[in-house]
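Undergrad: If you want the building blocks of each chain, they are given just below.
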Amino acid sequence: MRYLPLTDDDRRAMLDVIGAASVDDLFRDVPRAAWNAANPDLPDHAGEIEVERALAAIARKNLDCGAAPCFLGAGAYRHHTPAALDYLIQRGEFLTAYTPYQPEVSQGTLQTLFEFQTQVALITGMDVANASMYDGATACAEAAAMAARITKRKRILVSGSVHPHYASVTATQLQFTGLEVEVLPPDPLAMEDLLGRVDEDLACLIVQTPGFFGHLRDVTGLADALHEMGALLVVAVAEPLSLGLITPPGAMGADIVVAEGQSMATPPSFGGPGVGLFATRSKYVRQMPGRLCGETVDVDGRRGYVLTLSTREQHIRREKATSNICTNSGLIALAFSIHMTLLGEAGFTRLAEINHARAVDLAGRLGQIKGVRVLPPTFFNEFAVTLPKPAAEVVEALAARGILGGVPVSRFHPTYPELVEVMLVAATEMNTDADVDALVDALKEIL
Amino acid sequence: MVDTITGNQALQIEQPLIFEQNEPGRTAVDLPAPTVQEDRLGTLRRKTPVGLPGLSEPQVVRHYTRLSQKNYGIDSVFYPLGSCTMKHNPRLNEKMARLPGFADIHPFQPDSTVQGALELMDTLAHWLKELTGMPAVALSPAAGAHGELCGLMAIRAALEARGDARKVVLVPESAHGTNPATAATCGYEVESIPGDGNGRVSLAGLKDKLGPHVAAFMITNPNTCGLFEGEIVEISQAVHDAGALVYMDGANYNAIMGRVKVADLGIDAMHINLHKTFSTPHGGGGPGSGPTVLSDALAPFAPLPFVVHGPDGFRMVEHARDAGEGQQPFGRMKGFHGQFGVFVRALSYMMSMGKDGLAQASGDAVLNANYLHARLKGSLSASYEGPVMHEALFDDRFLKDTGVSTLDFAKAMIDEGFHPMTMYFPLVVHGALLMEPTETESKQTLDAFCDTLLALADKARAGDAADWFKSAPRHTPRRRLDEAQAARKPVLRWSPPSEG
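Protein chains in written order, with the working numbering: chain A, 801 to 1247; chain B, 3 to 502.
For the record, the hints were derived by calculation from the structure and aren't laboratory data.
It should be emphasised that the depicted structure is a prediction, and the values quoted were computed from it without experimental measurement.
Watch out, some of these pointers could steer you wrong.
[Said to hold, decoys possible] In silico BS3-like pairs for lysine-lysine, Cα to Cα no more than 30 Å straight-line:
no.: 1; chain 1: B; residue 1: K97; chain 2: B; residue 2: K49
no.: 2; chain 1: A; residue 1: K1170; chain 2: A; residue 2: K1083
no.: 3; chain 1: B; residue 1: K445; chain 2: B; residue 2: K379
no.: 4; chain 1: B; residue 1: K491; chain 2: A; residue 2: K1083
no.: 5; chain 1: A; residue 1: K1189; chain 2: A; residue 2: K861
no.: 6; chain 1: A; residue 1: K1120; chain 2: A; residue 2: K1189
no.: 7; chain 1: B; residue 1: K169; chain 2: B; residue 2: K209
no.: 8; chain 1: A; residue 1: K1189; chain 2: A; residue 2: K1170
no.: 9; chain 1: B; residue 1: K445; chain 2: A; residue 2: K952
no.: 10; chain 1: B; residue 1: K211; chain 2: B; residue 2: K169
no.: 11; chain 1: A; residue 1: K1170; chain 2: A; residue 2: K861
no.: 12; chain 1: A; residue 1: K952; chain 2: A; residue 2: K1083
no.: 13; chain 1: A; residue 1: K1120; chain 2: B; residue 2: K97
no.: 14; chain 1: B; residue 1: K379; chain 2: B; residue 2: K491
no.: 15; chain 1: A; residue 1: K1083; chain 2: A; residue 2: K954
no.: 16; chain 1: B; residue 1: K472; chain 2: B; residue 2: K461
no.: 17; chain 1: B; residue 1: K445; chain 2: B; residue 2: K97
no.: 18; chain 1: B; residue 1: K402; chain 2: B; residue 2: K379
no.: 19; chain 1: A; residue 1: K1120; chain 2: A; residue 2: K1083
no.: 20; chain 1: B; residue 1: K402; chain 2: B; residue 2: K461
no.: 21; chain 1: A; residue 1: K1120; chain 2: B; residue 2: K209
no.: 22; chain 1: B; residue 1: K461; chain 2: B; residue 2: K379
no.: 23; chain 1: B; residue 1: K402; chain 2: A; residue 2: K954
no.: 24; chain 1: A; residue 1: K952; chain 2: A; residue 2: K1120
no.: 25; chain 1: A; residue 1: K1170; chain 2: A; residue 2: K954
no.: 26; chain 1: B; residue 1: K491; chain 2: A; residue 2: K952
no.: 27; chain 1: A; residue 1: K861; chain 2: B; residue 2: K131
no.: 28; chain 1: B; residue 1: K461; chain 2: A; residue 2: K1120
no.: 29; chain 1: B; residue 1: K472; chain 2: B; residue 2: K402
no.: 30; chain 1: B; residue 1: K131; chain 2: A; residue 2: K1120
no.: 31; chain 1: B; residue 1: K491; chain 2: B; residue 2: K472
no.: 32; chain 1: A; residue 1: K1083; chain 2: B; residue 2: K472
no.: 33; chain 1: A; residue 1: K861; chain 2: B; residue 2: K97
Isolated chain B (complex conformation) (with noise of 0.2 Å):
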């Protein structure tokens, strides 16, 4: 319990909603008066106020700023979530991505006036064509599963093409929950593929669902266990002899980038996270990129729109007829032209690194994880036999008959100034912990990190200590919150007092 008269504790205050500080009248800016003059606006003037708060700009940025102060970010601690690739985000992105001549461009320019921005779409997709070996990119999904929805739509319309109706999209158990909610938004049913027991996906399994009715495979590589997929070219090769085709998510393409190329492994379509993976900041919830690499047999439906180099320069294709011969774009995913200010921080960060940095950067994500894996699994339960990828899973065998659960651990980590893992994914061990340092952690931060755990551990297993991780955190702005009554009776908005 807080002690203090005010509820405050030193740095960390309690700040009111903005609609509690509301004086009528007060703003934060200054405007001058319209010139009055007959209006056109019809019978349609707004007849009602419309219930924002008044603030002084002072108080908003105090507000702000003490806000920001009960946020973990990367920038204040180490955040070792799983499968979020959690890497330093350079300010030069941020920089670069506020020029004028990339933020202050209008989506609708005449084509002539925007040469530098079709140069940077351009310059990018060479980036992620030749890292990948794949011969297309579609830019413009805005995050993962938007890219995911962007190769399957692609495949659909692959197969449709050739009039071929397949039904069923095939997914291992291991996957992250977007991909079955993907397949489902395009139209296929589900089905889940077992494991082989060591973290990977069963090819014998897999050959028992392949057939006709299959339209596509999708695999998570590096997986979300943490492993490479070592048989996936075997994979690809059976599920296009079943007519069929493979879709890798790259969630996890920050492990393989500059070392490995995807277009060898067999596949047809792979979404890049372009935000998570190439640095740009993850802001408390995106916004994110998603550009998706086809395959040969993939490209020609390729969303719009796209940029194609003429005789007079860049142009932006926006319609099917303008797409080219072959060419049958199977729709348009976003408005205007896709996350263009991603791609600006993206491409920065890659000219920043060049493929020898890419390449040291995944190795050394690999070096980080596979030290987290060693230190730390003769205490905690790791859940399968290294060398891993990007990221080291465990799950909680080690926390057997102590009380404490995989939960209780992982906010106990919080109060020691450690964001936690990710926590019960992927679902195919009990009780998950998956980690994923990422190659922008020194040695020193991972070896605090590791002795923490393992004193953690310990503390756990000496017995005891059940009721100390049960009332973890302590020292947050919040206690362990009430989550079941948040969905019980949803309160999802500020009301004024008489409303209740």
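Just chain A, with the same shape it has in the complex (with noise of 0.2 Å):
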């Protein structure tokens, strides 16, 4: 078997250094009626050619976005990635290195995430950020956390802006915490009252800008009032690409930003693994969860990068831990890293001003079609769209004609007649003008 070095002579070899008759015996604790007694359903080894072989007929059956036209969005996104990325995320010594408990032999994973959280702070406006979370969602149960932490109080309030995702880990994660979790109907014309609904007992509202259903929102007001409370606010962000264009939380008040990273790092992969992106302001760095990389310097006075703070962490406080949290998503945040280097200031801004203009394009193509109607008045590169019809028939005929077209929003809000005919297009670097006209023609047909 081609992962295992040892022979038959090596391992007779270490049974008798070790005294022991065989392996089994190695393995005289287990109880006898839990031994060996699976006999898995299961086959035998197999060789590449075999496994590449069955692998690939299951891919098969799946239609990838390269092959179609593809608009779908929703929180995870489809961009070109540079040769160089993917070549660099599998040097060796950073795709097979543990987390960088021992500094001396991992100052290049540390570097690398020194930068990876400057990188964050720059593109939210924020501080400082962490090493990465799972990903957005759960950063977002996370911010929620930690700021009744910091304000002592219990209650969360969810906008409807927020992706039902993130809404709905975190009412799952903070269910059994003794914290009140509060998740506002879904809000597809951003007419919903949130300055009423902020008193002294929030901790903390959690909105999303650009929100679920593509409006842009302006949060200053908000931040004002919540802090007038001493209640914090929470800036979500499915799309960090929209940072190169738009003016980032940091600059409109937010106390916690957590975004997906995935778009600028990995392709979408069925939706996992991403990066979860949080960032915060100075003051409450030491209730930030998970690993945090800091300067310092070495016994010869040499600048090098350690983890630092560890004593927030549960290898340390145990149940008196931020987080249970301990891998992250390192790989993915080293991807989402190198990408924002080789776009760097310039090409970061030129690549959100391309997916806007691609979307304000496919929006001025869409509100053409009879019976369409383009919901929010400001977006960045995705738009909710309201249909004469159900929006997952449209959804699926598309499909059959090739074309993935949009996420139909009765997927995430079944129980809302109102939404039934509304779906999210989301249109990127990626899609070409052919791709759009296919689009257009296609719903003109159907619709």
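Two independent chains are provided; combine them into the complex using the hints.
TA: In structure tokens, the structure reads:
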């Protein structure tokens, strides 16, 4: 077996040194009732050719986004990634290293984390960022818990602009902590009254911009009102590329910013793994969850990096830790960071402009189709449209024509009749003029 | 001290931060100018620069290549970190995860266009259920600690469903810190269970603590001392007799995969660190994946989403109302559908190894650990008698009166070309050195490692070597770093010089 170096001779020689009769003998502490009783209904080992054939056959049963005009978003976005990116993250010294607990032999990972933290702070407009979380949804839950720790209050309010997965993960993760999570109904028209719900019991309000339905929101007034009441503003960002073009949450008074970094790091991969971005203000850094990389010096006085403030973490604090997270999303954070480095200021802002221009064009084209209405007056690269038919049926009809045309909102909110005909449509630099024509023509036929 | 003019040491090149290589306007991508048209940004167009540095592609490639050379990884060195299962990461897994039909599919495509993805998740679930003998598995948790949370939330949901409000979770003193942290996240008080003096849970100590207030007992098995909890069946029975449930931490599942049917141990839930046990690279800290197998008592409470097979093929269930009769999912743990890219890698590994290979792997992992234990115990101080399971635990008695600490000893190993073992964990022995070789190391590597450790131990005991150990490592890109300064005055990001 190709991954196992020991030979039978090795095994015999090693058993002699150990003084055991057999490998099975080393398992003598295992209760006989559970010993090898499995005899699982599974195949024996296979060579690379067989495994490749079998998995490629499964992969071929999927319609991949490269083989179809694709306008899907709703929190996962498809962007071009430069060839250098995938090569660099597959360098074995990055790929096969553990968490950098031994800083002398982990300066590569540590310096990239320090650069990642800085990039995340820059794009969000915040002071500091951590070394990543699992994903945007779990980062959102961690932000709510952090706000409760800071304010010593129990009530969390989640706007209807927030991605429904972020909202439900937050509600799930906090359901047994004694905190109250109130999730407002979906808000396709950005009409909800948030100011009127801010009071002195509130730990934080979580809003998303660009919102789930596409709207851009100036949260400055909300931030002021929340701060007046001693509460915090958490801003979620599902498409970090938007921060290349729109005012960042940090410039609008956000206290914590969480984001899903997938779009700038890795192909959608059916939704995982992604990477959670988490940024806050300096004064809250000791209440932050997750790992942090900090600068220091070595015994020769040379600049270097270490994991720091670990007294917040579970291996020191156990049940009093700020979070139970241990493994996070290091490699995807590295991919995010490399992509941001490749883009730089010029590339990041231009890519954002291209995405917006593509979406504006698409919105104009779709808005001319009879019965189709673009909902949000402002948006980045994704917006909701209302259709004259149930969106789920339209999406299936488009798929039958080989077009991945959008995401029906009913997939997330099956109990809201007023959302049945609402579909989310995203456009990125990956979409060509021909893609847009194909979608518009197909919709005209279907509707 | 480095004696070169540049501070470089041949292949080790000093590398400034990307922000210190900035030339405004420079970029490593060529993008067309966007078509100018009226924007839909309202008043929210960004008014200030982001502040990202500009580098060209050759600079970027060199930057990250040089930084990579400052890392130890499994590809380059023996990495015997206890409880971390640092086994070889086959490149076939990477190749498979990058197939367009897996990498380039969107989580919200209609089910009809992702039947392969759903089939892959269903197949993975089949493997995990067959291997463990457990009736259900929740695939969505993102890592080990997230899987623990999944298991404890299912336990809490099951207890609440029967109107049983219990307040306490029991955790052995040798447990990993995530166990008590997870129990606290689930709203439980944590009480510690003492050991039996031989590295295992004290059954009598556990029985003393059990009662109607106890919701669950979390037990790591094989445990963090590298030992199998031989009384696990009795432990599970005692916990169930008290009306509580058993969470088994599967961090060390590598020792028993394909050999032990954990369902027969009487447990109710166990997470599997799919990334480490099934060979996905650790990536310098993730991503992971923590599928959690569940007993019949907990299966109805499994979180959303999950895959079902119906008359029209596979279907993703994303809402409680579609979950089927009797199902009461406790919620959703993660955005989208879980760590799909890790699922592909794990299944690629499982298919490569097969049931015979997985059993051979756990056998070789245990054999390798016992070999280290046997070769080192005469010189280093083994904390417990063997046989051990996947890892061998030593403590610092062998360094008594040498002036050399566990940390010093580990740092000296770095200069000899080995990644250190896990240090100072578990907390139940003094100055712990926990070594997990895994099955993917050859006898030659293990012998070289043992020869080195025995020589280092001799050197420590010979006297007058304390300064030599304390000044290690000397041949690394950086020597020991001042962690106290990093924590006292945290510098967590680069700032432009003008901002100080």
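Undergrad: Would you mind marking each hint as holding or not holding in the structure?
TA: The hints, checked one at a time:
1. K97(B) with K49(B): The given pair, whose Cα atoms are some 42 Å apart, is violated under the 30 Å limit.
2. K1170(A) with K1083(A): Outside the cut-off at roughly 53 Å; violated.
3. K445(B) with K379(B): holds (17 Å)
4. K491(B) with K1083(A): holds (13 Å)
5. K1189(A) with K861(A): Measuring from Cα to Cα gives roughly 28 Å; hence the hint holds.
6. K1120(A) with K1189(A): violated (52 Å)
7. K169(B) with K209(B): Holds, at roughly 17 Å.
8. K1189(A) with K1170(A): holds (12 Å)
9. K445(B) with K952(A): violated (56 Å)
10. K211(B) with K169(B): Roughly 13 Å separates the two Cα atoms, so the pair holds.
11. K1170(A) with K861(A): violated (35 Å)
12. K952(A) with K1083(A): Holds, at roughly 16 Å.
13. K1120(A) with K97(B): violated (41 Å)
14. K379(B) with K491(B): With Cα atoms ~42 Å apart, K379(B) and K491(B) exceed 30 Å; violated.
15. K1083(A) with K954(A): holds (21 Å)
16. K472(B) with K461(B): Holds, because 13 Å separates the two Cα atoms, which is no more than 30 Å.
17. K445(B) with K97(B): With a Cα-Cα distance of about 29 Å, the restraint between K445(B) and K97(B) holds, given a limit of 30 Å.
18. K402(B) with K379(B): Roughly 15 Å separates the two Cα atoms, so the pair holds.
19. K1120(A) with K1083(A): holds (20 Å)
20. K402(B) with K461(B): holds (13 Å)
21. K1120(A) with K209(B): holds (26 Å)
22. K461(B) with K379(B): Since the Cα atoms of K461(B) and K379(B) sit roughly 16 Å apart, the hinted pair holds (cutoff 30 Å).
23. K402(B) with K954(A): violated (50 Å)
24. K952(A) with K1120(A): It holds: about 15 Å lies between the C-alpha atoms, which stays within 30 Å.
25. K1170(A) with K954(A): violated (48 Å)
26. K491(B) with K952(A): With a Cα-Cα distance of about 26 Å, the restraint between K491(B) and K952(A) holds, given a limit of 30 Å.
27. K861(A) with K131(B): holds (24 Å)
28. K461(B) with K1120(A): Not satisfied, since the Cα-Cα distance of roughly 41 Å exceeds 30 Å.
29. K472(B) with K402(B): holds (15 Å)
30. K131(B) with K1120(A): Answer violated: K131(B) to K1120(A) is near 34 Å, above 30 Å.
31. K491(B) with K472(B): OK: K491(B) and K472(B) at ~25 Å, within 30 Å.
32. K1083(A) with K472(B): Cα-Cα ~36 Å, so violated.
33. K861(A) with K97(B): Status holds; Cα separation ~18 Å.
In the structure shown, a violation is registered for the earlier hints numbered 1, 2, 6, 9, 11, 13, 14, 23, 25, 28, 30 and 32, in ascending order.
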